[in-house]
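Taken in sequence, the protein lines are chains A and B. 1 is the number of the first residue of the first sequence in our numbering; add one for each residue after it. 1 is the number of the first residue of the second sequence in our numbering; add one for each residue after it.
Treat the hints with care, as some may be off.
Sample of chain B residues with no beta-carbon within 10 Å of chain A, all distances over it, derived [unchecked claim]: (1) Phe112; (2) Ser211; (3) Pro212; (4) Met213; (5) Gln297; (6) Glu330; (7) Ser362; (8) Tyr390.
Okay, derived cross-link-like pairs now, DSBU-like style, lysine-lysine, Cα gap no bigger than 35 Å in a straight line [to be verified]: (9) Lys40(A) with Lys233(B); (10) Lys165(A) with Lys324(B); (11) Lys63(B) with Lys87(A); (12) Lys42(B) with Lys158(A); (13) Lys385(B) with Lys42(B); (14) Lys383(B) with Lys50(A); (15) Lys134(B) with Lys194(B); (16) Lys174(B) with Lys102(B); (17) Lys233(B) with Lys324(B); (18) Lys25(A) with Lys42(B).
A short, non-exhaustive set of chain B residues, derived as facing chain A with CB atoms under 10 Å [as the list claims (entries may be wrong)]: (19) Lys8; (20) Glu11; (21) Ile380; (22) Glu384; (23) Asn388; (24) Val389; (25) Asp392; (26) Leu393.
No lab work stands behind these hints: they were computed from the structure. Note that beta-carbon positions come from the ideal geometry of N, C-alpha and C, so glycine has one too.
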Amino acid sequence: MIYLDYSATTPVALEVLDTMTRTTKEFIGNANSLNGLGIKSKELLNSAIKQIAELFSVLESELTFTSSSTESNNMALIGVAMAMFKKGKHIIVSKLEHPSIYAICDYLTSIGFEINYVNNNEEGLIDFDHLKSLIRPDTILVSICAVNSEMGIRQPLKMIRQIIKKENPMTQFHSDMTQGIGKMALSLHDVDLASISSHKIYGPKGIALLYKSSMVNIKPLIYGSGKSNDLKPGTPALPLIVGFSKALRLALDDLEKKEKYISLLNERICKKVNSIEGVLINKTKYSIPHILNLSLMNIKPETFIHAMDNEGIYISTNTACSSGDLSSAVMAVYNDLTRATHTIRISISSQTTTEEITRFIEAFEKNYQTLNSLVAKE
Amino acid sequence: MEKVVIIKYGELSTKSDNINFFLKTLKNNVEAKLKEISHEIKYDRGRMIVYTNDTEKALVKIKDVFGIHEICIGYKYQDKTLEGIKENVYKQIKDLSFNTFKVVTKRSDKNFPGKSMEISADIGGYLLSRLEGKKVILHDADLTIHVEIRINEVLIYFDGEKGLGGYPVSTLGKGLLMLSGGIDSPVAGYLAIKRGVRIEAIYFDSPPHTSPMALKKVEDLARILARYNGEVKLHVINFTKIQEEIIKNIPNFYLITIMRRMMYQISALLASNINAHIIINGESIGQVASQTLKSMQVINEAIKMPVIRPVCTYDKLEIIDLAKKIGTYETSIEPYEDCCTIFVPDHPVIHPDLKIVYEYESLVDFKTLMFEAIKNRKIIRIKEKEENVYEDLL
């Protein structure tokens, strides 16, 4: 099997799995219980949270665990909207967001919020002038992802934050960092709120977190027992949280070294497919090497994916979360409908071997030729 | 060029007789802080210089040491020719942003030709000729350039960061801090440490009436104090039996008065035992029933050892501000009850009478219980860095 869909999800690292098994077996107490077992669980929970807080240089109280980045995005956008609607109902998002952001925006529109979509330039970078012009006195939130999930375009969050705060210091800045964490150095101090997921960094599925600066107030989405400022009441998912914490520590190690290696693999594929007619590489100078997006102009991407499946090679159409639709990122950058509806995504990890890339390229060329010749005959 | 950390002393420069003792202690304290960083320290009566490869990390660590007025990053050069010095100063400042500057020269090497003032003027003139649009002013210059010509090296540095002030820890001896889980006592401890007192701490544990989390909280607070104090020895007294005897035998409006007297006596006995000269606590005038002046008088009467109350004249909000600055506030407000807040009567006496106190105290053989409690105390050595027992899981 050759797995090249790491941006959809990653396999759990064995040492993380070991941590989770041991935590599940040895820490059976509810971290909210007052008894000895509960206290033991609570101590482990606190250590796990502290480790994450230290990795990001933030306060422990600024971290809330959720079930997925989608939930974190909901908590951030709806939470800010509900806390600040008296000050304004205007929200700005980019055209390069994860589909969950757009779904939340649709909901917020239905209850009276106004959403604007900020343009990007031909390299995929946020159009700073346009962003500046969109920000109004009643703009309560801007949400822009750190790395786009389809083309891997990276945004300069620090600069974006400066622009936002200069125009309106009251406007909060959220970033979905799901595709960026563990791939490059990101600072939570560049944003007010951030979504981060565990299963993209070799941690378990079902656990993610929302970073919320202590300076920001949001309304909780759910209510339960616990402290009044608790955004996610309920029994903490200890094995998942501990596993997440460990996965994060491992993922943030040697980022540069890993990125260099992945760049080499990315370059190798690009070099090969660049010469194939009908294949376009959707990549700008802001794309990170972990994500490689191609448009197969003459072939239905889904057919190609299944052909590759048959050889035990797993890649995806634009993103796992929006299969079948057009790639909004490719559309936003190239404004070409055929190109945007014919995309496949190859995502590479530092675990990927050069041997795997060689085999991928062979299979790619073979399947492409077969399918392309069929299309030509029609 | 090598980077160094330059430490300027605080108040201790006024201690003319035993300055060497103060400096030696400061050096030891800095050394203890830099245990994980390879370094070498040289000092004289004017300043201390730390030679290390990791100046940034060292600077952060040294910031928590008391007895320091100012900490600067300095640049060390071997070139002791005047021309070389000028050129090196220029190199250090050419990319800095400032409009006005002045040069302050100090010659530890008295054989270096010229007077310090002349050298400053010479360097200043050279800089003016190479920099555009800069002016020299002698008061409130944007940039003060210090040039120190030493026997084997030249140091160039600028105004640095303010240190914490105070005296080097342990120069004034040892004190025993009555540490509860509240907001006040850690701040009191911090302020005592600041004045050069090395502290050990005593905590009254009352299981099962108090939660193990309350003890954990006190350990966490002691750990924060260990940043400034060095390792904190925490003496955990099992107070259950004494507290239960008080509740069973003594009318409840005198309960707090008697309980505090017992705590004072245990603290004083332990303090003499560990060679501490004073007791420190977080009492603040008028805050609770046991802290009215009359209560303090009657409670204090139980012992002869001096009790220092660093926050006794502070308002609660002032104490909270300090607690936030030190970093103990977040821990202090965790909701675990300690032995002072359980069994609190609705209307404790605020004007206790000593005669009545004596009478009540004679009802129980507290002496034996107190000796027992001290003998059976648990000692926890608390280091600045928590040993993470879950490291293998994380």
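Comparing the hints with the structure gives:
1. No Cβ of chain A approaches the Cβ of Phe112(B) within 10 Å, the least distance being about 45 Å, so the stated non-interface status holds.
2. Distance to chain A contradicts Ser211(B) as a non-interface residue, since its nearest Cβ pair spans about 7 Å, not more than 10 Å.
3. A beta-carbon of chain A is positioned within 10 Å of the beta-carbon of Pro212(B); the least distance is around 6 Å.
4. The non-interface label for Met213(B) is inconsistent with chain A: the shortest C-beta to C-beta separation is roughly 6 Å, within 10 Å.
5. Remark: the non-interface label on Gln297(B) is consistent with the geometry, its nearest Cβ contact in chain A lying 39 Å away (cut-off 10 Å).
6. With a least beta-carbon separation of about 8 Å from chain A, Glu330(B) fails to lie farther than 10 Å from that chain, contradicting its non-interface assignment.
7. The claim that Ser362(B) is not at the interface with chain A holds, since no C-beta of that chain comes within 10 Å of its own (minimum 38 Å).
8. Interface exclusion of Tyr390(B) from chain A breaks down, the closest Cβ pair being 5 Å apart, not more than 10 Å.
9. Straight-line distance between C-alpha atoms of Lys40(A) and Lys233(B) comes to about 24 Å, which keeps the hinted pair within the 35 Å bound.
10. Restraint check for Lys165(A) and Lys324(B): satisfied, since their Cα atoms lie roughly 27 Å apart, inside the 35 Å limit.
11. Between Lys63(B) and Lys87(A), the direct Cα distance comes to roughly 42 Å. Violation of the 35 Å bound is thereby established for this hinted pair.
12. Of the supplied pair hints, the one linking Lys42(B) and Lys158(A) is violated, its CA atoms being roughly 42 Å apart against a limit of 35 Å.
13. Taking the CA atoms of Lys385(B) and Lys42(B), the gap is about 27 Å. The hint holds against a cut of 35 Å.
14. Taking the CA atoms of Lys383(B) and Lys50(A), the gap is about 17 Å. The hint holds against a cut of 35 Å.
15. Pair hint Lys134(B) plus Lys194(B) does not hold up; C-alpha atoms about 41 Å apart against a cutoff of 35 Å.
16. Distance hint between Lys174(B) and Lys102(B) is unfulfilled; the C-alpha atoms sit about 44 Å from each other, more than 35 Å.
17. For the proposed pair Lys233(B) and Lys324(B), the alpha carbon gap of about 23 Å is at most 35 Å, so the pair holds.
18. With a CA separation close to 54 Å, the supplied pair Lys25(A) and Lys42(B) exceeds the 35 Å bound.
19. The interface hint given for Lys8(B) is broken, as the beta carbon of that residue sits about 29 Å from the closest beta carbon of chain A, more than 10 Å.
20. Interface restraint check for Glu11(B): the shortest CB-CB distance to chain A comes to about 33 Å, outside 10 Å, so the restraint is violated.
21. A hinted interface residue such as Ile380(B) counts as satisfied when its beta carbon comes closer than 10 Å to some beta carbon of chain A; here the least separation is about 15 Å, so the hint is violated.
22. The criterion of a C-beta within 10 Å of any C-beta in chain A is not met by Glu384(B), whose closest approach is roughly 15 Å, and the hint is violated.
23. A distance limit of 10 Å between C-beta atoms decides the matter here; for Asn388(B) the minimum to chain A is near 6 Å, and the interface restraint holds.
24. Because the smallest distance between the Cβ of Val389(B) and any Cβ of chain A comes to about 8 Å, under 10 Å, the interface hint for this residue holds.
25. Interface hint at Asp392(B): satisfied, since its Cβ lies 8 Å from the closest Cβ of chain A, which is below the 10 Å cut-off.
26. At its closest, the beta carbon of Leu393(B) sits 5 Å from a beta carbon of chain A; the interface hint therefore holds under the 10 Å criterion.
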